[in-house]
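Colleague: Chains as they are written, first to last, in this note's numbering: chain E, 42 to 185; chain D, 475 to 727.
A few of these clues could be false.
[Stated by the list, open to error] DEER-style ranges, computed between Cβ atoms:
#	chain 1	residue 1	chain 2	residue 2	range
1	D	Val526	E	Ile183	54 to 60 Å
2	E	Met61	D	Lys590	28 to 34 Å
3	E	Val132	D	Gly487	33 to 39 Å
4	D	Asp546	E	Val179	28 to 34 Å
5	D	His625	E	Glu161	51 to 57 Å
[Claimed, not checked] Pairs of lysine-lysine residues, derived as DSS-like cross-links and limited to a Cα-Cα distance of at most 27 Å, are as follows:
#	chain 1	residue 1	chain 2	residue 2
6	E	Lys63	D	Lys485
7	D	Lys504	D	Lys668
8	D	Lys504	E	Lys63
9	E	Lys63	D	Lys681
10	E	Lys57	D	Lys709
11	E	Lys108	D	Lys485
12	D	Lys504	D	Lys709
13	D	Lys709	D	Lys589
14	E	Lys138	E	Lys154
[To be verified] Here are some of the chain E residues that sit facing chain D, going by a computed Cβ distance under 10 Å:
#	residue
15	Val54
16	Leu59
17	Ile102
18	Gly124
19	Leu141
Keep in mind the hints are simulated off the structure, nothing from the lab. For each residue, glycine too, the CB sits at the ideal point set by N, CA and C.
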Amino acid sequence: MTENCQNSIPSRVTLKDLLMQKNVPVSRPAQDNGQEGFNRNCSCDQYSCDQEIASHRLMQITDTLFKRGVAALKDDRPCCARGFFETLLAVEPDHIKARLNLSVALSRMGDHKGARTVLEGVLVNEPDNAIALQNLEVLDSIGF
Amino acid sequence: MTRHIVFANRKGGCAKTTTAVNVAHSLALKNYRVLLMDLDPQAHATLSLGMVPNPGVPNIYTLLDGGANLEDVIYPSRIANLSIIPSSRNLSVVEIEGPCFSADEHRLSEVLHSKKMDMDYVIMDPPPSVGTLSVNALAASEEVYIPMPMHFLAMEGLAEMVRLIYQINAAWNPGLSLGGIIPTFYNKNTRITKEIEGDIVQTFGEKFLAPPIRQNVALAEAPGHGLTIFEYAPKSIGALDYDALASFIDERH
Ligand SMILES: Nc1ncnc2c1ncn2[C@@H]1O[C@H](COP(=O)(O)OP(=O)(O)OP(=O)(O)O)[C@@H](O)[C@H]1O
Ligand SMILES: [Mg+2]
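Isolated chain E, as found in the complex:
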């Protein structure tokens, strides 16, 4: 009976499918080399896999920090937002959106001068950046 039921059920979603859907690297831990750590599981003789995980992690860290920074700004916690954006920029200094948001956080904390410096830095990379130009205008209008 049970056998028949099993045969009629369409193929199921596996754990591997779920991990792949979530963009989580799927890799089996090293078995025989004593390296059991989950986060270390590609460090033995699979350099390319290691690289892949490293870049995946980097993407996640920037993504996580950026989202948390934005949430903190929306939540009116500019000091937290500043922390998140500064940490993000330590990892990825050219992240323009993080720099723009950092300037907003600084400005909300009363550091208009710092905000201006960050915005001017954005214009060095992207002279036509509309948001940077617009925000500088705002700072001009309030005398900073």
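With chain E's structure known, arrange chain D with the ligands on it following the hints.
Modeller: Just chain D with the ligands now, kept in the frame of chain E:
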């Protein structure tokens, strides 16, 4: 060397607290010095050891708030070798207020790792949500074990947890490793159980499948008496399973 272990799953009711409390007691019975840390505002681990959560005495909240030192918040339990940092309702403030700086996720880690502890195991019981308290616990641990019932939706939660481990690795704690997945409310006769176990072995390897904890009514009854399974029903299936799990964790290192 103290081992810092967290039983985590963002899904509620998957036996995190039951596992933390009973593994802690089992390790204490094996003569290890164990500190159980209740990080959940529900204070279920505190209650399970027969203690009354009291916001008026120094507890985990006071510790995270900077209002007390580690030694002020560690209380002996009535069980030999087992101490506890209790929780109380006021812990929820930390969760609601959230961090005021990104470094706050490290608060617990800093406190725990700032001085050498006279403990073999620190076992953490976080709340089900992924908030400041859970992130603090994961950031302060080297090993995470994921208790999960053998259901499809729980497997979805497991995938989320694995993603969270990578995020914690990247953002806060590169030293955090998956210790294992613990099948809870286990019934070996169902097809889904076999399939999910197979998936876990195929994806992570056999070593990451911890011994299961079978459905056992004594496990559900014990906390109501403020007792662990080893006090309430030492000969039950629950006690047997948690003893096996504690041995697995102990030998895992
Ligand atoms: N193996 C088991 N057999 C029967 N009941 C169990 C078993 N394990 C846990 N329980 C019961 O299931 C319920 C949920 O368990 P527990 O409180 O440990 O989950 P939790 O993951 O800590 O929940 P929360 O997410 O709310 O913190 C409790 O009533 C507990 O006593
Ligand atoms: Mg719990």
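Colleague: Starting from Lys63/E, check that the Cα of Lys485/D is at most 27 Å away, please.
Modeller: 17 Å, holds
Colleague: Measure nothing beyond the straight line between the CA atoms of Lys108/E and Lys485/D; if it is 27 Å or shorter, mark the hint as holding.
Modeller: The given pair, whose Cα atoms are some 22 Å apart, holds under the 27 Å limit.
Colleague: May I ask you to test the hint 51 to 57 Å on the CB atoms belonging to His625/D and Glu161/E?
Modeller: 55 Å, holds
Colleague: The hint names Gly124/E as touching chain D; please verify it with the least Cβ-Cβ distance against 10 Å.
Modeller: 4 Å, holds
Colleague: Kindly confirm whether 54 to 60 Å is satisfied by the beta carbon distance between Val526/D and Ile183/E.
Modeller: 55 Å, holds
Colleague: Using 10 Å as the Cβ threshold, decide whether Leu59/E counts as touching chain D.
Modeller: 4 Å, holds
Colleague: How does the Cβ-Cβ distance of Met61/E and Lys590/D compare with 28 to 34 Å: does it lie in that range?
Modeller: Violated: the Cβ-Cβ distance is about 42 Å, outside 28 to 34 Å.
Colleague: Does the closest beta carbon of chain D sit nearer than 10 Å to the beta carbon of Val54/E?
Modeller: 7 Å, holds
Colleague: Given Ile102/E was flagged as interface, is its beta-carbon under 10 Å from a beta-carbon of chain D?
Modeller: Given a least distance of 4 Å, the restraint on Ile102/E holds.
Colleague: Is Lys504/D within 27 Å of Lys668/D, Cα to Cα?
Modeller: 31 Å, violated
Colleague: Check the hint pairing Lys504/D with Lys709/D against an upper bound of 27 Å on the C-alpha distance.
Modeller: 16 Å, holds
Colleague: Against the 27 Å threshold, does the CA-CA distance of Lys63/E and Lys681/D hold or violate the hint?
Modeller: This hinted pair holds, its Cα atoms lying about 23 Å apart.
When each numbered hint is compared with the structure, violations occur for hints 2, 4, 7, 8, 10, 13, 19.
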